[in-house]
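Novice: Here is how the chains run, residue by residue.
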Amino acid sequence: MIPGQAKKTVVLGVLGVDAHVVGNKIMAHALESADFKVVNIGTFSSQEDFIRAAIESAADALLVASLCGHGEIECRGFREKCVESGIGDIHLVAGGNLVVGKQAWKAVQTRFLEMGFNRAYPPGVSPRKVIDDLKHDLKAS
Amino acid sequence: MDGMALALLIDFGSTFTKIQAIDLEAEEIVAYAQSCTTVETDIMVGLRGALDLLPARVRNSAFACKLSSSSAAGGLGMVTIGLIPELSAEAARRAALGAGAKVIKVYAFRLSAKEIQELESLNPDILLLAGGTDGGNADVILGNAKKLALSRVHCPIVIAGNKVAADEVNAILSASGKPTLVTDNVMPEVNVLNVEPAREMIRRVFIERIIEAKGLKRAEAFVEGILMPTPTAVLKAARLLSQGTPREKGLGDLVIVDVGGATTDVHSIGLGSPCQAGVIFKGLPEPLAKRTVEGDLGIRYNATSILHLRGPERLLRNASLETDRLAPKIEALCRDVEFLPQTEEDMQLDLALATCAAQAAMERHAGTIEAVWGPQGQYYIQHGKDLTEVCHLIGTGGIFTHHPQAGLILRKTLFSSAEPFSLRPKQPSLYTDAKYCLYAIGLLADRYPDQALRIARKYLKKWEAPL
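Top line first, the protein sequences correspond to chains A and B.
As numbered in our numbering, residues 10 to 150 make up the first sequence, in order.
As numbered in our numbering, residues 5 to 471 make up the second sequence, in order.
Calculated from the structure, these hints are not laboratory results.
Please note that the accuracy of each hint is not assured.
Some residues of chain B that are not near chain A, with every Cβ distance over 10 Å (derived) [as the list claims (entries may be wrong)]:
{"no.": "1", "residue": "R222"}
{"no.": "2", "residue": "R243"}
{"no.": "3", "residue": "P424"}
20 Å max Cα-Cα, derived SDA-like pairs, lysine to any residue [said to hold, decoys possible]:
{"no.": "4", "chain 1": "A", "residue 1": "K90", "chain 2": "B", "residue 2": "P89"}
{"no.": "5", "chain 1": "A", "residue 1": "K46", "chain 2": "B", "residue 2": "K167"}
{"no.": "6", "chain 1": "A", "residue 1": "K34", "chain 2": "B", "residue 2": "G282"}
{"no.": "7", "chain 1": "A", "residue 1": "K34", "chain 2": "B", "residue 2": "F285"}
{"no.": "8", "chain 1": "B", "residue 1": "K182", "chain 2": "B", "residue 2": "G147"}
{"no.": "9", "chain 1": "A", "residue 1": "K46", "chain 2": "B", "residue 2": "D138"}
{"no.": "10", "chain 1": "A", "residue 1": "K16", "chain 2": "B", "residue 2": "P192"}
{"no.": "11", "chain 1": "B", "residue 1": "K286", "chain 2": "B", "residue 2": "Y384"}
{"no.": "12", "chain 1": "B", "residue 1": "K286", "chain 2": "A", "residue 2": "G51"}
{"no.": "13", "chain 1": "B", "residue 1": "K286", "chain 2": "A", "residue 2": "A28"}
{"no.": "14", "chain 1": "B", "residue 1": "K286", "chain 2": "A", "residue 2": "V26"}
{"no.": "15", "chain 1": "A", "residue 1": "K46", "chain 2": "B", "residue 2": "V168"}
{"no.": "16", "chain 1": "B", "residue 1": "K416", "chain 2": "B", "residue 2": "E468"}
{"no.": "17", "chain 1": "A", "residue 1": "K34", "chain 2": "B", "residue 2": "I284"}
{"no.": "18", "chain 1": "B", "residue 1": "K286", "chain 2": "A", "residue 2": "V31"}
Glycine included, each C-beta is placed from N, C-alpha and C at the ideal position.
Whenever a hint applies, use it, and build me the whole structure from the sequences.
Specialist: This is the structure:
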């Protein structure tokens with residue numbers, strides 16, 4: 010972090026009825042180590058939980074994880090809800106096992122970008138890659 | 005009475021001024037009296053009336069201390085303001101409730117012109133202004149401060165929001181002549197509750213400013229001070245009973261139900277974390293010492309509201325009454341709020357009303373479990389406190405002092421297998437505050453904690469199951 014510059018705040022959580030907590034903890038640790046202010050709302054979080062946390066904490070980005078395969082359904086309307094809630098410009102990122110079965114990643118990524126996500130990541134992406142992209146996108150480094 | 009260390013504990017209630025004389029050495033309640041509260045004219049008239057009812061040997065004693073609480077003149081009316089309803093606005097509401105306040109209204113987001121107008125007409129005793137985590141959103145609390153600065157709100161404003169904005173919020177409000185106090189954020193991080201500093205600040209404002217504003221100052225020449233609102237004294241007693249002192253063991257997790265004429269309060273001490281494996285807690289964490297107030301549940305002023313809420317069938321299940329007499333009798337109670345039961349039928353009706361009020365208040369206070377389905381099967385999500393394993397349930401308020409079947413009220417508030425998702429206590433020991441002394445215990449808690457705890461345990465009446 011550049012001295013004197015405020016940390017960037019990210020809201021991190023696992024969307025929907027999804028108990029996968031391990032990746033969430035690893036990601037929170039990696040982001041904190043990279044000098045982000047992490048608001049981790051944990052598992053079983055709704056779109057509204059993410060948005061509420063983002064407004065209170067004046068977050069710069071929402072990092073939405075979905076591991077159960079229902080991400081495509083759970084993430085629908087997320088950008089629209091952010092717009093309605095007054096944080097329409099927030100940086101929106103999705104990652105995990107976002108869809109059911111094995112599907113070509115390019116098509117999945119396109120679907121998420123069309124939904125209004127700024128970035129989407131496939132299964133097995135390294136935290137380093139997500140953090141580097143986040144720093145670039147938020148100009149935090 | 006020479007050589008006796010007597011404490012005089014006074015509760016300036018909304019209707020009655022109650023006094024207890026407690027022998028701190030023998031650890032005994034030696035006298036109790038009550039008279040009508042006279043806050044409209046001179047608060048001392050009612051107090052003198054109650055003092056005159058004490059035996060002369062007690063009245064003429066040199067008291068070791070004279071402490072009091074008050075819920076007179078409408079209690080402590082507060083308005084709270086936050087940003088998100090489920091987060092900082094809820095944290096602010098919980099801080100105010102824990103400080104013994106009657107929360108008149110909760111506002112969230114940016115205040116509109118209409119809301120400012122409403123706020124002016126509500127005329128609260130204290131306003132609690134929160135919003136934003138530390139380092140989080142500052143725009144909303146600053147915007148709300150600017151609107152409040154231009155408003156006709158004159159009450160003290162406790163600022164307990166985003167610490168980064170607190171100084172500027174304070175400057176904006178102070179510049180317009182508003183009395184302000186700054187304390188720590190009620191929600192410094194998302195889903196982190198920090199209500200104690202705000203509660204303490206509210207108590208300070210209550211002592212320093214509200215007492216005078218409510219015409220209670222004259223009493224301060226007689227007592228050492230009106231230390232806190234009465235609900236705070238009960239919550240303090242709950243804490244002492246639960247946690248004990250370094251020398252006296254406490255009871256552990258407990259719940260107190262306080263059924264009154266206008267409201268029903270529930271106090272719980274305990275974390276309320278999930279008791280069953282596989283249950284996940286979501287939402288703003290619960291305060292260790294939690295108080296809820298049900299403004300629609302009171303067995304006099306709000307007796308008709310209980311009838312409408314729970315229905316005549318449910319009321320009649322809890323009392324042997326003739327159906328056609330129910331509604332007129334309840335309406336009569338609302339008109340004559342100082343009515344004391346005269347017949348067996350009156351007693352039955354009071355029991356039914358108190359049971360329904362206590363049941364509803366407990367249902368609202370206790371947490372709930374929600375069953376959700378996901379790709380990996382069913383999960384259980386907990387909202388609020390799990391009270392199922394609470395070991396002690398105590399009833400306080402007039403009905404628990406006087407009614408011969410008071411233990412029955414408590415029994416009917418317990419967990420029911422018909423409603424398994426309502427996390428009410430399952431098998432607690434049942435007690436009633438038979439001497440109406442819990443407020444007095446709370447008042448003594450800081451100065452004489454060991455004695456206060458032993459006295460409370462001595463005078464709580466245990467009800468053996470089955471009733």
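Novice: If any of the earlier hints don't hold here, list their numbers in rising order.
Specialist: The structure conflicts with no hint, since it agrees with every one listed earlier.
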